[in-house]
Amino acid sequence: MNHKLKKLATNWRIIILAVFILMSLIALHPTLNNGVAIRSVLTNSSASIAGIPQPDPSVQPVSRERILSINNVPIADTKSYYKYISSLRVNKTIQIKTSKKVYTLTTKEKFETIELNETEEKIVNEIVQSNKTINGTTQLINETITKKIIVPKTQQISKGLEDLGLGVYDAPSTNIRKGLDLQGGTRVLLQPETKLNSLDINVLIDNMKERLNVYGLSDLVVLESDDLPPPFGTGNQYIVVEIAGATEDEVKDLLAKQGKFEAKIGNETVFRGGHDILYVGRSSQDSRIEGCNPTGNQLACRFSFAITLSQEAAQKQADATKNSTVIYDPSTSRSDYLSDKIEFYLDDKKVDELNIGADLKGQAVTQIAISGSGVGANQQDAVVNANLNMKRLQTILITGSLPVKLSILKTDAISPVLGEGFVNNSILMSLLAILAVAIVVGIRYRKLLIAIPILITMLSEVIILLGVAALIKWNIDLAAIAGILVAIGTGVDDQIVITDETLKADSSGAYGWKDKVKRAFLIIMLAYLTVVAAMFPLIFAGAGLLKGFAITTIIGVTIGVFITRPAYSAFVEVMLK
Amino acid sequence: MEEQNKEQNNEQQKHIAEHHKKEEQKEQKKSLKQKLFHIYDKKYKMLLIFPFLMLVLALGQIGYQVYKTGDFIKRDVSLKGGVTVTIPVDKAVDITQLENLIKSKFPNNDIAVRTLGSAGTNAGVIVEADIDGNNKDEVQNLLSAIESSLGINLSKVNYGIEIIGSSLGASFFRASLRALVVAFLLMGLVVMIYFRTFVPSIAVIVAGFSDMVVSLAVVNMLGIRVGTAGIAAFLMLIGYSVDTDILLTVRVLKRREGTVMDRIISSIKTGMTETMTAMVAVVVAMLVTQSEVIRQIMIILLIGLFADILNTWIQNVGILRIYIEKQAKKGIII
Chain A
1 MNHKLKKLAT NWRIIILAVF ILMSLIALHP TLNNGVAIRS VLTNSSASIA
51 GIPQPDPSVQ PVSRERILSI NNVPIADTKS YYKYISSLRV NKTIQIKTSK
101 KVYTLTTKEK FETIELNETE EKIVNEIVQS NKTINGTTQL INETITKKII
151 VPKTQQISKG LEDLGLGVYD APSTNIRKGL DLQGGTRVLL QPETKLNSLD
201 INVLIDNMKE RLNVYGLSDL VVLESDDLPP PFGTGNQYIV VEIAGATEDE
251 VKDLLAKQGK FEAKIGNETV FRGGHDILYV GRSSQDSRIE GCNPTGNQLA
301 CRFSFAITLS QEAAQKQADA TKNSTVIYDP STSRSDYLSD KIEFYLDDKK
351 VDELNIGADL KGQAVTQIAI SGSGVGANQQ DAVVNANLNM KRLQTILITG
401 SLPVKLSILK TDAISPVLGE GFVNNSILMS LLAILAVAIV VGIRYRKLLI
451 AIPILITMLS EVIILLGVAA LIKWNIDLAA IAGILVAIGT GVDDQIVITD
501 ETLKADSSGA YGWKDKVKRA FLIIMLAYLT VVAAMFPLIF AGAGLLKGFA
551 ITTIIGVTIG VFITRPAYSA FVEVMLK
Chain B
578 MEEQNKEQNN EQQKHIAEHH KKEEQKEQKK SLKQKLFHIY DKKYKMLLIF
628 PFLMLVLALG QIGYQVYKTG DFIKRDVSLK GGVTVTIPVD KAVDITQLEN
678 LIKSKFPNND IAVRTLGSAG TNAGVIVEAD IDGNNKDEVQ NLLSAIESSL
728 GINLSKVNYG IEIIGSSLGA SFFRASLRAL VVAFLLMGLV VMIYFRTFVP
778 SIAVIVAGFS DMVVSLAVVN MLGIRVGTAG IAAFLMLIGY SVDTDILLTV
828 RVLKRREGTV MDRIISSIKT GMTETMTAMV AVVVAMLVTQ SEVIRQIMII
878 LLIGLFADIL NTWIQNVGIL RIYIEKQAKK GIII
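Protein chains in written order, with the numbering used here: chain A, 1 to 577; chain B, 578 to 911.
Everything labelled a hint here was simulated from the structure, so no lab data went into it. The beta carbon of each residue, even a glycine, is placed where N, CA and C say it ideally should be. Keep in mind that the hints are not guaranteed to be accurate.
[Stated by the list, open to error] Simulated pairs of lysine-lysine, PhoX-like, Cα-Cα distance not exceeding 25 angstroms:
1. A:K547 x B:K651
2. A:K516 x B:K846
3. B:K668 x A:K79
4. B:K846 x A:K514
5. B:K846 x A:K518
6. A:K504 x B:K713
7. A:K516 x A:K6
8. B:K831 x A:K516
9. B:K846 x A:K447
10. A:K504 x B:K846
11. B:K651 x A:K504
12. B:K713 x A:K405
13. B:K831 x A:K514
14. A:K110 x A:K153
[Unchecked claim] Residues on chain A that point at chain B, a partial pick, calculated with CB under 8 angstroms:
15. L406
16. K410
17. N425
18. V441
19. G442
20. I496
21. A533
22. M535
Pulled out of the complex, with its shape left as it was, chain A reads as follows (with noise of 0.2 angstroms):
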């Protein structure tokens, strides 16, 4: 016995499955992590100004920062972290200790504002840029501005404790990445109204997930999947948005707008984003805040920044600005700006409107500048917003509007709380399925060093496909859960196969060990060979809705043949010899 066990663990086959087991296992890296991961924070959120990180989707769920405690209260899970938070107060300072730092918010209250039926009268100063032409060249002139204006009269309603803009989730036990039937979320399926080049549908892609991650969703997948061209496939082509933990509404509408951005002067489209603009000032000379007012209780921050017009735009505008007349506003005696004002609308919507000087008048003019503004509670949180407005409108205008209109084709939302069960209801029916396979084949050879040895290979492979989904950031759900059982009822066949091959009574004693191991594998080849054929075609069909389940059962396949199935058969070879 002792022999053979030496015999067994010098075997290279063997080796190789133990040293796959035990990188699968460092690649899952089970822990007993306690507390609560963070999934998003949510900005200008009492957690962002506390400088809580929004976390990096790259990171692996176990090593993403969690919640361990809040005032010394110790956060075991989602529930016990919204009993406590539901417990907090207004205005309090809270320490939040994380698995990398402890962070101290200062809790906010929630404000409604309403208007009242009364209008009061304010003077404000306002600094207000336009673009002149001095000497010629056109340069961007700030000018401050005292204005009375008549606003309505506005009152605060306290709306109690403000959200602390945390997204948690119970902490990972291990790098698995679970599916959004998993753990609930939203999964949208677009399609582009025309068809688009490989080019364009990267900027799409990017253009999108840069507009998501402005919203504070970080825990997405945004990828082209596309059918093969006929005659394989309908060549249809597909965008598919996964957003973990975020509901439906909410990516829809972020997803419906298409980012166009027009500037108009009267009902004439001067320049639209993408089309017209050669360059978007990004750097510190280029891009800034401006200053800030207060608009009701709140504070507003303009930004600013230059962009460069093709010639033909800026012809546009002055083809657009010829007929304009010259405003003559009686408070400050000046004539400054002309009767009609360029005005910027993103998705239809008028974003913002910018006086246009005077003396631009019928001028071509390609160096303009583009302002907007933040609004919010302090000077901190409305330079944020204004940091952030500005973002995206620079972004907009950078990569142009998505290229074309996208329509909602499907949309899944999961809820968690049917995820969770899936989860647990999984594990327990592979681990039946597994079993009553071990059991059949128990009674079928009657020797516990056959159906013992099954048992592990199949477990093995779990273990090992598992380990692969980790490393490769693969999603587990329901679909690869379908393939992983295919790849071990394959496993199985295989296993069979082999057994049956060498133990097979072989009365002319022609063949030897290596003989019937290479026979069984020419069967085992072939098996592997038509299930590939049979999977392939559907990593590139119908919107790779089971793409999952196809690469997770070619993946499972694979690890099959040239880790699990060459060190079960030497097992059977030394122990069965």
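Put chain B on the given structure of chain A with help from the hints.
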């Protein structure tokens, strides 16, 4: 003492008589087994009627389905377009009643209600309706119909909703079918390249084809609505069903030990073990899983595995033996 001896003798004789009886019974059983074996061994051409009859009946069923519904398969909303709502409920729900209640509000639509759960436990209810998912009013109507029928407030539970546009459903269906056909052709190609002989390769391919067609017909007869998961199951079936056919063909054509019949019997032993392990795994998964996706895959696989027994061990064996016979006449002994 003598009395006792006599009794013992009697007992012994009785025992011996009983033993003989048992032996006789065994022999009778054996002869039944032998009879069956004899039929299997000698009348393989006649036996071919069964799998091919099954295939013809299945094709007939599919033809009838096309004639009646215009479609050879009963598609669910994932291949047709529509809305699927998944509601977690922990109490028992009368499914037929719920279905009728919702149907009464959507008389022109195809409504299906299923439970989500396993082995008696109830985790939730799934409602499928082939309404236009992009029409917000209709979706809202469906949700409120579910609310009133179930007597719950949907805003208070974490329900899941899946909306598939009808053009997308149709396009998925086409794409999946193409994938299925391409998969089948690729499989056939692999088999052809490996065996390099026409008839045995065709026998494997025909067996795989029969498995799929028969399973499809049974699925239709059971009234199962097939979704993308079902398509995946049919693809899996290709892999599983040709496993046994490959085993058989390799053993019969590429081995030299024993007679052809010995090789076939040894293949049946191995192949049936494969089928049995697959079947128990499939049944266990079917009973335990809460997921409708996985359950559908398992049901289709189970049907396919049953069909495969006939298609491999009678159809494929039969064709293979006819081929061997023909070769023998040409003087090629396999």
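Results for each hint:
1. A:K547 x B:K651: Given pair K547 (chain A), K651 (chain B) holds - Cα atoms ~23 angstroms apart, limit 25 angstroms.
2. A:K516 x B:K846: Status holds; Cα separation ~17 angstroms.
3. B:K668 x A:K79: 23 angstroms, holds
4. B:K846 x A:K514: Holds, at about 22 angstroms.
5. B:K846 x A:K518: 20 angstroms, holds
6. A:K504 x B:K713: Violated. K504 (chain A) to K713 (chain B) sits at ~65 angstroms, over the 25 angstroms cutoff.
7. A:K516 x A:K6: Roughly 23 angstroms between the alpha carbons, so the hint for K516 (chain A) and K6 (chain A) holds.
8. B:K831 x A:K516: Holds, because 13 angstroms separates the two Cα atoms, which is no more than 25 angstroms.
9. B:K846 x A:K447: 16 angstroms, holds
10. A:K504 x B:K846: 11 angstroms, holds
11. B:K651 x A:K504: 46 angstroms, violated
12. B:K713 x A:K405: With a Cα-Cα distance of about 20 angstroms, the restraint between K713 (chain B) and K405 (chain A) holds, given a limit of 25 angstroms.
13. B:K831 x A:K514: 17 angstroms, holds
14. A:K110 x A:K153: 19 angstroms, holds
15. L406: For L406 (chain A), the interface hint is violated, since the closest Cβ of chain B sits about 13 angstroms away, which is over 8 angstroms.
16. K410: Where the cut-off is 8 angstroms and the nearest Cβ of chain B is about 5 angstroms from K410 (chain A), the hint holds.
17. N425: 5 angstroms, holds
18. V441: Holds: closest Cβ of chain B sits about 6 angstroms from V441 (chain A), inside 8 angstroms.
19. G442: Where the cut-off is 8 angstroms and the nearest Cβ of chain B is about 11 angstroms from G442 (chain A), the hint is violated.
20. I496: Hint holds; I496 (chain A) Cβ to chain B Cβ min 5 angstroms, cut 8 angstroms.
21. A533: 4 angstroms, holds
22. M535: For M535 (chain A), the interface hint holds, since the closest Cβ of chain B sits about 7 angstroms away, which is under 8 angstroms.
Hint violations for this structure: numbers 6, 11, 15, 19, all remaining hints satisfied.
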